[in-house]
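Going down the list, the protein sequences come from chains A and B.
Residue numbering for the first sequence follows the working numbering, beginning at 129 and increasing consecutively.
Residue numbering for the second sequence follows the working numbering, beginning at 7 and increasing consecutively.
Hints in this document: simulated from the structure, not taken from any laboratory.
It should be emphasised that the depicted structure is a prediction, and the values quoted were computed from it without experimental measurement.
Each hint should be verified, as a subset may be incorrect.
If you want the footprint, here are the derived chain B segments under chain A, 3+ residues with CB under 8 Å [as the list claims (entries may be wrong)]: (1) 13–20; (2) 188–199; (3) 333–347; (4) 368–376.
Straight line, CA to CA, 30 Å or less: simulated BS3-like cross-link-like pairs of lysine-lysine [to be verified]: (5) A:Lys163 - B:Lys140; (6) A:Lys163 - B:Lys143; (7) B:Lys280 - A:Lys163; (8) A:Lys163 - B:Lys202; (9) A:Lys163 - B:Lys290; (10) B:Lys283 - A:Lys163; (11) B:Lys99 - A:Lys163; (12) B:Lys353 - A:Lys163; (13) B:Lys122 - B:Lys28; (14) B:Lys255 - A:Lys163; (15) B:Lys283 - B:Lys353; (16) A:Lys163 - B:Lys294; (17) A:Lys163 - B:Lys279; (18) A:Lys163 - B:Lys161.
Ideal Cβ placement from N, Cα and C applies to all residues, glycine included.
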Amino acid sequence: MNFAALRKDFVVVLTILLALFGVTYCAKVKKHETKFSIVYSNDVLGETEPCG
Amino acid sequence: MSDLLLLDTGNLLFRQKYYGKKPDYRLSLQGKKIVEFYNAMGWTALSIGEFDLSFGIDYLKELESMADFPFLSANILGKEGGKPVFTPYTVVKLSGFDVGITSVIGREILTGEKQKQMGVYVDNEFDALKGIIKELKRKSDFIIVLCPTGLERAKEIAERFDEIDLILAGHRPVTNLYQPTKIGGTLISQIYSRGKYVGRLDVEINDSSRPYDLHLEGKGEITNFKYQKLTMRRQQLENVYKNFERKKKEGKNVDEGMKIVKDELDDIKKQIKKLEKENKKEHKNSVKASLISLGENIPDDPEVKKIDKKYKDKLINEKGKFQEDMLKKGKRRPTDLAHDPHYVGAKICGSCHQSIADFVKKTRHTSAFDTLREEKRQFEPECFSCHTTGYGKPGGFTNIYTAGELIGVQCEACHGPGNRHVLDTKVNMKKTPTANDCITCHDVENDDNFVYSVDLKTIKCPEEKR
Chain A
129 MNFAALRKDF VVVLTILLAL FGVTYCAKVK KHETKFSIVY SNDVLGETEP
179 CG
Chain B
7 MSDLLLLDTG NLLFRQKYYG KKPDYRLSLQ GKKIVEFYNA MGWTALSIGE
57 FDLSFGIDYL KELESMADFP FLSANILGKE GGKPVFTPYT VVKLSGFDVG
107 ITSVIGREIL TGEKQKQMGV YVDNEFDALK GIIKELKRKS DFIIVLCPTG
157 LERAKEIAER FDEIDLILAG HRPVTNLYQP TKIGGTLISQ IYSRGKYVGR
207 LDVEINDSSR PYDLHLEGKG EITNFKYQKL TMRRQQLENV YKNFERKKKE
257 GKNVDEGMKI VKDELDDIKK QIKKLEKENK KEHKNSVKAS LISLGENIPD
307 DPEVKKIDKK YKDKLINEKG KFQEDMLKKG KRRPTDLAHD PHYVGAKICG
357 SCHQSIADFV KKTRHTSAFD TLREEKRQFE PECFSCHTTG YGKPGGFTNI
407 YTAGELIGVQ CEACHGPGNR HVLDTKVNMK KTPTANDCIT CHDVENDDNF
457 VYSVDLKTIK CPEEKR
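Looking at chain B on its own, in the form it has when it is part of the complex (with noise of 0.2 Å):
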């Protein structure tokens, strides 16, 4: 295998800004975790994108000190300007070619209150790279800069460093831009965020003389009209074809409508392959651009699951005690119970609907905190929204101590609170949940699997048997 830089565009160790706040047990573990993950896969550098800083740099250096590799930034100073607090630019050797890498974050990004707060002081992008970029030509054949400023901002740093060979952009937007873009000879990319996807590129460079002028492999130069219709045609036919194959697994006769397909679908593969012969170019040096799902494809590696059990162990021995005690005990808040409308809990609403509620214990929503149990995240409060009812949402819990009943999905998860409704039978709730009621916890990032008129027929309620 050629040699492998693994670099991330920050927003790695928090989800939240949670910036003024000291970090609670498990945040403190989270980064810590994250950290020695990140040394067991052997990573090259960390980008400190905005939430990374929330908890303030003493933190951050913290755990930088435990880190294998280095927490760049060239443009986070010291309060009031100076030196940068993290490592401006690191220089990669790989086999006789050495890579620079450096990284930005967005000055717009972190208001000069936060900036405050956190005794930074945050340069503006340009000035800091003006420098950096310099020396990085000077020490290094190769310069990456990674920029959790957004892509608009990346966009025009390429536009004015054009020593700059690649740029990996981060922070909000994403957009899916793994086939990077070209602005001058600098590439472009940015990929999907939450932790479902990675980049990867192939470079191969056969001709060092400066700039490289990268080619991206596979994407189409050709942008003629026929070309075009082609591809779009072979899309339509491949298509057509699993769905043949598809129908044969079923037992239906197919074959001739396969054949059809196939004929034509072969001819204009011939013709594909014909024109880009036309039109290659020969290019010296070249990307391969891909994108690597993140789903079950990948086994587990060994060393970072054994890591990940050691500290949900650490933090079930530590909080999990106290936690499952106040679930127990844990009463509503009466300023949740005044609330009009507020949630009830299944008991409640099982008192009348008994058939129904009977129903309902044996689908796997009743138990969805469990599984939050049996992976151990039951402190992620992250998770509480989809597995739990009433978090968050007016008339509900905001503290999972605080939820009493409400553990699980529950019937008001779907049917909305239901206090009036117990005061006034004929006030209704609501009857069916939509998909978009559904798909607020079933999203494609967290269910993507999920198709609502399927899925929904599980956990319908039956009629009532009174």
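So that you can see chain A by itself, here it is in the shape it has in the complex (with noise of 0.2 Å):
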């Protein structure tokens, strides 16, 4: 048995696994939460017809 080939196997397959998590798991976390407020007006003065 070329337990050499095998462990360079091994550590390629280990890899690759590592790998894989390791992209699944930075996919899965989240960039930011955050909260916030918003305070909003609309035509405050409001529109009059001009007079005479």
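Assembling the complex is the task here: the two chains are given apart, and the hints tell you how they should meet.
Structure representation (structure tokens):
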């Protein structure tokens, strides 16, 4: 049995698995959570028709 | 407190279309005063609406140079196209979250002639937004579009650009949509105008993968009939209970009735809560909407009040004496007096109806113009129609300096112009103004405590003593 070759294959497979795990984990990590508020007004002075 | 954005959807600076005219002293101060107010409040961004353009681009650019916040418009361009005249968009950095904000004005709102008059070209909203939205998608995490376009155009924009997270709509007709509606992934909201309310949206993002699919909290997704029936019954019982509480304060014995109503109310609330729990879904991103009334519940900001006083004093110092002199000297125009019918003034009425004139002098109507002086608002023509008699009416006056004897709310404000009755006393005038007559001035906007049947008694003229 060629243990050196077997060990090499094992390391490659492990590396690939770790890389896959890393990619999956990072994709799931939330970029950020946030809370903010918006206060808004509209047409504040309001329309009036010119008088006269 | 979480990060806060303060936004306006346009028509903030002026309330009429003064197109083609130069701002008079009062209006030029008004624009500057409002910009100072909003600087003091730490405003985030302002959208340009059609009335804001009243005095042209140069004046608006002057105001923009005073502002600590951007004047936004993606589609108001220089004459014959070219670059946007104002800031096309802004990106506001909150704590680790960037919000992109832009604005478009309704193209159909400004005619080609008006555009020419103002030296601008208004681009098609969709064309203008195409490039801006692409850029904002790259530069920000959340996209808001301010739309002084009217609600229908705002909905079309939402349908076209699903990258937009929130649209705040402006322009007429104003609907009360403080609970936003959803078109695709875009929330759209519009609130009441005339500064009586502001809308508030509290946004919570827990999962930042786009689209956010914001869930509107509080708005029932439960549409089954039983839930609707229960919520209506709850509303009814709450009103009845409030009535009982009022009667109890008056000393009436309503304990038994109150208990019956309360027991039923508690039971209904339990049933509603149960239904809501059964229907609740888990939402990662949500928005809570509320409407804040800007009444006496909100105290005046001292800094804003100081700025207001500064501008009012400036106006009084510059124009106050002139106006008072003109009010004393001012005479009615012959053309107004020649009109039939025309207003004659309370002095003429009092020459025959002395006892009534004495009564009217003691009512608040007579001092209506004084209340403007007290508020230092005697220069605002928008107020004259309700604080004088016959302003803007045929046979009345159109310029405060030709008001003559028609200052204050006088007999003819309620009973109509009196020249025909003066010439022939057999000609009757309107004896009692109707509710519609009164709410011309005592409307919800200006007097939301007015109740015709109650308030008429305070100014109703007594039977005449002859």
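(message) Are any of the numbered hints broken by this structure? If so, which, sorted upward?
(response) As far as the earlier hints go, 3, 4, 12, 14, 15 are violated by this structure, in ascending order.
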